[in-house]
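There are 2 protein chains.
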Amino acid sequence: MIRPTTFIDAARLARRLGLKRLMLASETFQYTGSFKFRAALNVVSKVPQRELITASSGNFGQGLAYACRLLNKKCTVVMPNTSARTKVEGVQEYGGIVDIVDTIKISRAARVADLAKKYPDAYVASAYDDPLVIEGNATLGKELADLQGDVDCILAAVGGGGLTSGIITGLRASGSNLPVIGVEPLIANDAARSLRAGKIIANDSEPQTLADGVRTPSLGQHNWKILKDGLARIIEVSENSILEAVRLLFNFANLKAEPTGALGISGILTELGAFNGKSVCCVISGANVDSELFQAMLDTTKS
Amino acid sequence: MIRPTTFIDAARLARRLGLKRLMLASETFQYTGSFKFRAALNVVSKVPQRELITASSGNFGQGLAYACRLLNKKCTVVMPNTSARTKVEGVQEYGGIVDIVDTIKISRAARVADLAKKYPDAYVASAYDDPLVIEGNATLGKELADLQGDVDCILAAVGGGGLTSGIITGLRASGSNLPVIGVEPLIANDAARSLRAGKIIANDSEPQTLADGVRTPSLGQHNWKILKDGLARIIEVSENSILEAVRLLFNFANLKAEPTGALGISGILTELGAFNGKSVCCVISGANVDSELFQAMLDTTKS
Numbered sequence: 001m002i003r004p005t006t007f008i009d010a011a012r013l014a015r016r017l018g019l020k021r022l023m024l025a026s027e028t029f030q031y032t033g034s035f036k037f038r039a040a041l042n043v044v045s046k047v048p049q050r051e052l053i054t055a056s057s058g059n060f061g062q063g064l065a066y067a068c069r070l071l072n073k074k075c076t077v078v079m080p081n082t083s084a085r086t087k088v089e090g091v092q093e094y095g096g097i098v099d100i101v102d103t104i105k106i107s108r109a110a111r112v113a114d115l116a117k118k119y120p121d122a123y124v125a126s127a128y129d130d131p132l133v134i135e136g137n138a139t140l141g142k143e144l145a146d147l148q149g150d151v152d153c154i155l156a157a158v159g160g161g162g163l164t165s166g167i168i169t170g171l172r173a174s175g176s177n178l179p180v181i182g183v184e185p186l187i188a189n190d191a192a193r194s195l196r197a198g199k200i201i202a203n204d205s206e207p208q209t210l211a212d213g214v215r216t217p218s219l220g221q222h223n224w225k226i227l228k229d230g231l232a233r234i235i236e237v238s239e240n241s242i243l244e245a246v247r248l249l250f251n252f253a254n255l256k257a258e259p260t261g262a263l264g265i266s267g268i269l270t271e272l273g274a275f276n277g278k279s280v281c282c283v284i285s286g287a288n289v290d291s292e293l294f295q296a297m298l299d300t301t302k303s
Numbered sequence: 001m002i003r004p005t006t007f008i009d010a011a012r013l014a015r016r017l018g019l020k021r022l023m024l025a026s027e028t029f030q031y032t033g034s035f036k037f038r039a040a041l042n043v044v045s046k047v048p049q050r051e052l053i054t055a056s057s058g059n060f061g062q063g064l065a066y067a068c069r070l071l072n073k074k075c076t077v078v079m080p081n082t083s084a085r086t087k088v089e090g091v092q093e094y095g096g097i098v099d100i101v102d103t104i105k106i107s108r109a110a111r112v113a114d115l116a117k118k119y120p121d122a123y124v125a126s127a128y129d130d131p132l133v134i135e136g137n138a139t140l141g142k143e144l145a146d147l148q149g150d151v152d153c154i155l156a157a158v159g160g161g162g163l164t165s166g167i168i169t170g171l172r173a174s175g176s177n178l179p180v181i182g183v184e185p186l187i188a189n190d191a192a193r194s195l196r197a198g199k200i201i202a203n204d205s206e207p208q209t210l211a212d213g214v215r216t217p218s219l220g221q222h223n224w225k226i227l228k229d230g231l232a233r234i235i236e237v238s239e240n241s242i243l244e245a246v247r248l249l250f251n252f253a254n255l256k257a258e259p260t261g262a263l264g265i266s267g268i269l270t271e272l273g274a275f276n277g278k279s280v281c282c283v284i285s286g287a288n289v290d291s292e293l294f295q296a297m298l299d300t301t302k303s
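First to last, the sequence lines map onto chains G and C.
Numbered per the numbering used here, the first sequence finishes at 303, counting up by one with no gaps.
Numbered per the numbering used here, the second sequence finishes at 303, counting up by one with no gaps.
Just so you know, these hints were derived from the structure itself, not from any lab.
There may be inaccurate statements among the hints.
As the list claims (entries may be wrong) - Not the full set, but computed from the structure, chain G residues with beta-carbon under 8 Å of chain C:
| no. | residue |
| --- | --- |
| 1 | 11 |
| 2 | 28 |
| 3 | 33 |
| 4 | 92 |
| 5 | 93 |
| 6 | 119 |
| 7 | 173 |
| 8 | 254 |
| 9 | 255 |
| 10 | 294 |
| 11 | 298 |
To be verified - Covered by chain G, according to a simulated footprint, are these stretches of chain C (three or more residues, beta-carbon under 8 Å):
| no. | stretch |
| --- | --- |
| 12 | 118-126 |
| 13 | 247-255 |
| 14 | 289-296 |
Claimed, not checked - Pairs of lysine-lysine, DSS-like flavour, derived with a Cα cap of 27 Å:
| no. | chain 1 | residue 1 | chain 2 | residue 2 |
| --- | --- | --- | --- | --- |
| 15 | C | 225 | C | 20 |
| 16 | C | 46 | C | 105 |
| 17 | G | 118 | G | 105 |
| 18 | G | 73 | C | 20 |
| 19 | G | 118 | G | 74 |
| 20 | C | 117 | C | 46 |
| 21 | G | 118 | G | 46 |
| 22 | G | 228 | G | 278 |
| 23 | G | 20 | C | 73 |
| 24 | G | 20 | C | 225 |
| 25 | C | 46 | C | 118 |
| 26 | G | 74 | C | 20 |
Bear in mind that the values here come from a model prediction, so they are computed numbers and not experimental data.
Cβ coordinates follow ideal geometry from the N, Cα and C atoms, glycine included.
Produce the entire structure from the sequences given, and follow the hints as far as they go.
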């Protein structure tokens with residue numbers, strides 16, 4: 001029920017970036033448009049509860065809603081009022097109940113706690129901090145293990161850590177020692193600071209990075225256990241480099257990516273020298289972005 | 001050396017279009033960004049000449065340039081001065097020589113004839129009217145034959161007829177009887193008129209449809225032989241429906257398509273009733289489109 005990742009050998013973009021080879025592992029055509037469906041399906045199929053509640057800026061919510069439809073369960077997704085419209089509509093189209101919160105007045109976590117009290121039989125699903133999420137995302141790591149020998153490293157976005165901890169788990173379970181490099185917006189660099197400090201450090205408030213998929217308060221506990229020694233390192237990137245990465249993927253690899261999905265390419269742009277002549281795989285995590293925002297991102301006259 | 005087509009089960013878009021199932025066969029990630037590379041590689045590898053000349057609005061030119069680079073041959077691509085900039089740059093980046101013509105002053109065919117006189121040892125490659133082109137594109141038809149039983153029909157763009165004649169050839173060679181429906185812009189409907197007349201009818205001048213990949217003068221002779229009885233029928237579509245199809249693919253299937261690539265979806269939009277509840281495969285032929293044009297197409301406030 002999982003769509004295998006779409007491998008794209010992006011020769012033209014590789015040339016532009018000075019790479020020997022650039023392999024994109026695109027999850028933009030995964031069911032519900034992001035890798036999150038892998039985790040969502042695993043959670044929904046393995047917990048006994050018939051009803052689930054989650055907080056999500058959108059991609060995990062869409063994945064959960066679609067997984068619940070497939071398995072005849074019910075879900076409520078708490079979404080901030082700043083969510084991309086396409087993500088809100090996506091959750092609704094897949095059959096989920098959307099619960100919009102004004103994050104200035106009440107945190108997503110607090111609203112989820114309220115709902116959990118109201119519906120004591122529901123499973124409260126975390127988008128990242130759950131062994132079932134990591135296990136679901138590990139299916140991607142297992143697919144990436146096929147690149148062993150073809151690429152030197154794998155770059156992927158770090159938010160709550162669900163993606164990278166899953167990739168590392170899947171790779172290692174498949175016998176691959178490919179290094180995994182995390183990429184994080186500089187203005188949301190809690191994971192980089194956590195690695196430096198040797199313990200989880202949280203952001204003071206929700207960082208307003210363009211990469212809305214990584215606006216997480218901190219790494220999850222379960223993710224941290226895997227990432228603290230599992231990640232090769234983290235590259236911290238500027239908002240401008242994220243924008244440029246979205247454009248490069250669109251113009252030279254024909255790929256629509258949401259800002260979070262472009263973080264891997266953004267990491268290469270940030271350290272062009274380090275990657276020169278290397279063979280690299282970038283995981284493109286998703287592509288759910290409002291049309292208006294995408295137009296604005298393509299418009300180089302405005303930046 | 002051919003990248004297999006990317007099959008995308010587009011559940012969200014299918015729902016919007018009232019289809020039971022919508023399978024996209026996307027050639028947007030084919031080498032050089034369109035299906036044309038299949039034909040180009042076949043031509044370049046099978047003709048003995050070391051040098052090739054072609055006229056192309058861009059996609060066949062890019063395919064030919066890249067195939068020549070791979071096989072250490074040389075090529076010149078005659079392109080109209082109205083070509084998408086990304087296509088001109090693409091030919092150059094892949095190592096081809098671009099020869100820009102002002103089509104008001106001299107036709108592409110006339111310029112190719114001039115060059116052929118100047119370089120008598122060169123092979124003049126047609127983008128569609130050549131058995132080697134049809135044979136190359138038939139590799140896609142062979143892949144589509146796997147859909148037998150899963151879909152009711154296949155929709156694809158008709159310009160010179162290279163794509164549809166190749167698909168039909170490949171399908172039938174693989175024992176599939178899946179009907180192939182051609183889609184053509186109403187303002188460039190020479191193929192539809194040809195089918196009605198039972199003979200090739202040419203456009204009076206180059207039709208200025210948004211779908212620049214099908215601005216061909218007429219069907220090719222080799223293509224006509226296959227298409228006159230091989231095509232189930234042709235749907236003629238408005239420019240507005242092409243625009244809407246580009247947006248739907250982008251917003252609900254996360255797919256970047258050039259206008260020509262969106263013709264299949266445009267065909268469904270034009271006959272929503274006929275396709276209601278059906279399972280359909282649309283071939284997305286390519287995605288090489290200038291960023292500025294794409295932004296303008298996404299901008300619903302301007303249309």
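Here is how each hint holds up against the structure:
| no. | hint | verdict |
| --- | --- | --- |
| 1 | 11 | 7 Å, holds |
| 2 | 28 | 5 Å, holds |
| 3 | 33 | 5 Å, holds |
| 4 | 92 | 11 Å, violated |
| 5 | 93 | 6 Å, holds |
| 6 | 119 | 28 Å, violated |
| 7 | 173 | 27 Å, violated |
| 8 | 254 | 4 Å, holds |
| 9 | 255 | 7 Å, holds |
| 10 | 294 | 7 Å, holds |
| 11 | 298 | 5 Å, holds |
| 12 | 118-126 | violated (count 0) |
| 13 | 247-255 | holds (count 6) |
| 14 | 289-296 | holds (count 3) |
| 15 | C:225 <-> C:20 | 33 Å, violated |
| 16 | C:46 <-> C:105 | 34 Å, violated |
| 17 | G:118 <-> G:105 | 20 Å, holds |
| 18 | G:73 <-> C:20 | 22 Å, holds |
| 19 | G:118 <-> G:74 | 15 Å, holds |
| 20 | C:117 <-> C:46 | 22 Å, holds |
| 21 | G:118 <-> G:46 | 23 Å, holds |
| 22 | G:228 <-> G:278 | 25 Å, holds |
| 23 | G:20 <-> C:73 | 22 Å, holds |
| 24 | G:20 <-> C:225 | 44 Å, violated |
| 25 | C:46 <-> C:118 | 23 Å, holds |
| 26 | G:74 <-> C:20 | 23 Å, holds |
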